[in-house]
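Protein chains: 2
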Amino acid sequence: MKKLKIGLFGFGVVGQGVYQALQRTSSLNVSIHRICVRSNKPRKAPAELFTTDREILLTDPGIDVIVEVIDDAEAAWQIARTALLNGKHVVSASKKMIVEHLGELLDLQTATGKSILYESAACASIPVIRNLEEYYDHSLLKGLRGIVNGSTNFILGKMKEEELDIRQATLEAQQLGFAESDPSLDLEGIDAVNKCCLLLAHAYGIVTHPSDILYTGIQAITPGDIAIALSKNQDIKLVAQAQKLSTGQITVFVLPQFVAKQDVLYGVRNEYNGVVITTHFADEQFFYGKGAGSLPTASAIVSDLSALCYGYKYEYKKLQRSDRNSLTNEVYLRVYLSYPDAGKVRRQEFEWLEEWHQEEGRGYLTGVIALQKLIDNRWWQRDGHSLILQPDGIIEEVVTRNLRRKSLELAGLVI
Amino acid sequence: MKKLKIGLFGFGVVGQGVYQALQRTSSLNVSIHRICVRSNKPRKAPAELFTTDREILLTDPGIDVIVEVIDDAEAAWQIARTALLNGKHVVSASKKMIVEHLGELLDLQTATGKSILYESAACASIPVIRNLEEYYDHSLLKGLRGIVNGSTNFILGKMKEEELDIRQATLEAQQLGFAESDPSLDLEGIDAVNKCCLLLAHAYGIVTHPSDILYTGIQAITPGDIAIALSKNQDIKLVAQAQKLSTGQITVFVLPQFVAKQDVLYGVRNEYNGVVITTHFADEQFFYGKGAGSLPTASAIVSDLSALCYGYKYEYKKLQRSDRNSLTNEVYLRVYLSYPDAGKVRRQEFEWLEEWHQEEGRGYLTGVIALQKLIDNRWWQRDGHSLILQPDGIIEEVVTRNLRRKSLELAGLVI
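Protein sequences appear in the order of chains A and B.
Take the first sequence: its letter number 278 is residue 278 in the numbering used here, and every next letter is one higher.
Take the second sequence: its letter number 107 is residue 107 in the numbering used here, and every next letter is one higher.
Okay, chain A solo, but in the shape it has when bound:
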C-alpha cells in the first residue's frame, strides 16, 4: 500500500471536513502536506500548512495527490488539469468542473496515467459512482432514479410539513445550513443535472453535457401542488432519472415528480439522497445515505484516497464498449401542470389530456406530452407554470390520433 502525500485546495466546510476526517483515520497511509487557501486568516489547523500560492502545491514533487474542494469550477479545472499534467492524482468534489470537462479529463488520464476520482461529487457518502462503474454491467442495467440534491429535498419536506411556500422554506433551509446563500443552483435543478451527467457516464458510458438534458428544478412548485400530492398520499421529489427503453436507447431527464408511498424514494427525508438502480434480473436495488455536508462529503473523499493507495482508477469500462448506449428523447411523459392562467397553457402541445381542473386563481391539468416538445419549447417553464412528472410517468409509445382529438374537444368543452 502506497503512502500518499496530499495537497489540499480549499478549507471551507468540506476542506475542514477532509482535514478532520484524515486526522481521525490514522490507519490510512495518507497525510496532508500543504493546504492552499484564498486568503490568510487564522484557521483550525497549524499555520505552517497553509499557503495562498497554488504553484507551491502543484509543483511540489513530494505531493502525490491533489484534493480539490473549492467552489470555483473554472479554477478547479485549472488545478485538476495542471495536477494531472504534473503527474499527480486528483480527488475532486466539483461536479460542475468534472461534467464540463469530462472528455478532456478522460484524455488527460490516458495521457498521464494518473487518476481523477470524484465519488463525493454525486450523492456524497453513497458509493453510487463506484457501484455503477464496477458492479452494474450496462447490459444488466435498466434504469436509475435518484434524489441527488439534498437541499431541494429538505425544502420540499419543509413545504409539506410546515405548509410554507418555497421562499419561506428556502429561507429556513438556509438558516439551518441546508441551502446555499445563493440557492439557485439547487432550486433550478442545475446541481441535480450535473450529478445526473456523472451518473450517466458511469452507468451507461454516455458522456454528455447538462445542456443536452431536459431539466427543471423545484422553483415553481406551489403549496397547491404539495396539497394535491398530499391528497393522493404522494410526495413531490426532485428526481434525476435515466431509463433504458425497449429499443435499447436511454432517455434521461431531471424533473419534479409525484412519488407514491410504496416507492422507496418516498422515504428519502430531509437532506438525504437515495438512488434506485433497476436491473434486468433483480428488480430494484436502493442506495441511501447523506448526500451533502462536511463529513459525509469528506467520507467519500477519504474512500477515494484509500482506493488510490491501492492503485484504483475508474476504467470507464462502458465507454470502451462497442455496444455502448445512446440517448434518445423519443418518449412521452405523463405530467401534471398547474397554472395561474388557463389562457397561457398550450393545450395543443399535449398528445392528450386526462384531467382538467379549473379552480379560482389556479388550475391544473394532467396529460401526456412528448419529451421533445418540452425541450423544444419552454412555455411550461414561464408564467408561473409548475410541471410535475406523474409516478411511472414514462410512456414509450402512444397511439394518439383519436385520443388526442377527443381530449382537445374535452379541453374545449371544459374551458
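Treat the hints as calculated values from the structure; they're not laboratory data.
Heads up, a few of these hints could be off.
The list treats identical chains as interchangeable, and a pair is accepted whether it falls inside one copy or across any two copies.
Claimed, not checked - Derived pair list, reagent style SDA-like, types lysine to any residue, alpha-carbon separation capped at 25 Å:
1) LYS313 - LEU102
2) LYS2 - GLU315
3) LYS2 - TYR312
4) LYS232 - TYR339
5) LYS261 - GLU284
6) LYS244 - GLN390
7) LYS44 - HIS280
8) LYS3 - ALA342
9) LYS2 - ARG324
10) LYS3 - LYS313
11) LYS2 - ILE206
12) LYS2 - LEU319
13) LYS3 - HIS280
14) LYS44 - ASP283
15) LYS232 - TYR266
16) LYS232 - GLN320
17) LYS261 - LEU230
Nothing here was measured: the structure is a model prediction, and the numbers come from that model.
Starting from the structure of chain A, add chain B where the hints point.
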C-alpha cells in the same frame, strides 16, 4: 476484455436463473460450455450441454470459470477446490461452503493465482461484499446491521399481517416458494450467521467460524411477541450485526431484534434484504434489494462473471492490514425475554431487570445481560423462551452492583 467459457454445476432454481440471465446478456463475453447435473432428465436447455460427470467440466482446458450453485456444501467444496487447483476461476453461491473453508480458499487463491467470487452468497442482488471490500476502509467502518435472510423476514411479516403462528407462517412461505422444504437453516439463523461470517471477512478482515458467533433465529418467536412489538410501533426482524466498540474491537451476533419505525430496517419487507453500514463520518448508509430467488441470485453471479472478464479479484485488503480488527464478547445486551414458565427464567444471569410482566400463560421481562453469559449457557434457547434484542440494545459498559441488587429485589417482589 477476456472471453470466458463457463462450466456450470447445478441446474436447479439458481442454475436455471444463471442460464436464462446469460442468454439475455449478449453483451457479456461469456458462454456456458457445459452443465453438470446429478441426474439425466429433460431440461430447459439443449441436451448436449448436460453431463453427470463432474470430471468433464473440471478437467476441460477450454473452461475458464466454474460457476457452482449446488446445495451440497461438501460437494461444492470439492468442486471449488479442484477447479482452483486446475487453474479455473470459481463463482459460487454456497455461503456455507465458503464460510467453512474460507481460510483454505484464501490459501488456494494465493497459490493458484485464480479467484473465487461469491457476491451472490450474501444478500444475493445487493452488492454488499463488493462495497465492504472496495469502498469502506476499515477505519471508516463503525458497524453493520442487516436483514440477510429473506425467508425469515417473509415469515415474520406473515405472522404480523395475518396473525399467524410461526408454523402456519412457515407453511405459507413454503407454499409461495419463499422457504425451503426443510426451513430449519433459515428459521434457526444458520443461513444468517453464515452470511454474517462472509460480511465480517470483507468488512473487518476477520475470518471466523459461525460456531464462534452467538446466533439464534426466529424459531421461538410467538404471536405474543409480535403483538408486543406492534403495541410499541415496532417490528421484529432477524438482524445480523457487527459493531466496533470504543476499544476498537468488534462485537458480532445474529439475534431477533425489535426494530423501531424510524429505523431504515423497518421498511425491509417480505423477501427483501437490507444492510445498514455505519461509518465514522457519514452516519448510516443503506443498501436494499432482493436477497434471494432465481434471477436476483443469478444477477449477482452475472456481475461476478462480468468482473472476472476484467480480471477482478477480492484482494481481502483488510486481512493484510497490520491493524486489523479482533472480536470481543465483552459487551452487554438489553433484551426482552418471553417465557411460559417464570420458574425457569434464570434471573440471576441478568445484570439488572427493567420490566417484569407476569400474565396468564406467558410472561415477559426486559433486562440487561452480558453477551458472554448468553454464549456460556443456553437456557434461554430452551423451554419455550423467546429472546429478542431491544432497539439500540448494545451497551458497552455497565455500572451494575447497586442496580442489580435493586432489580433482583424488584423481581423478587413482583413474582
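Results of checking the hints against the structure:
no. : hint            : result
1   : LYS313 - LEU102 : within (15 Å within a copy, 28 Å between copies)
2   : LYS2 - GLU315   : both (20 Å within a copy, 15 Å between copies)
3   : LYS2 - TYR312   : both (11 Å within a copy, 20 Å between copies)
4   : LYS232 - TYR339 : within (19 Å within a copy, 45 Å between copies)
5   : LYS261 - GLU284 : both (16 Å within a copy, 22 Å between copies)
6   : LYS244 - GLN390 : within (18 Å within a copy, 43 Å between copies)
7   : LYS44 - HIS280  : between (49 Å within a copy, 20 Å between copies)
8   : LYS3 - ALA342   : neither (65 Å within a copy, 60 Å between copies)
9   : LYS2 - ARG324   : between (34 Å within a copy, 17 Å between copies)
10  : LYS3 - LYS313   : both (16 Å within a copy, 23 Å between copies)
11  : LYS2 - ILE206   : between (32 Å within a copy, 23 Å between copies)
12  : LYS2 - LEU319   : between (28 Å within a copy, 17 Å between copies)
13  : LYS3 - HIS280   : between (41 Å within a copy, 22 Å between copies)
14  : LYS44 - ASP283  : between (47 Å within a copy, 23 Å between copies)
15  : LYS232 - TYR266 : both (13 Å within a copy, 23 Å between copies)
16  : LYS232 - GLN320 : neither (45 Å within a copy, 54 Å between copies)
17  : LYS261 - LEU230 : both (10 Å within a copy, 21 Å between copies)
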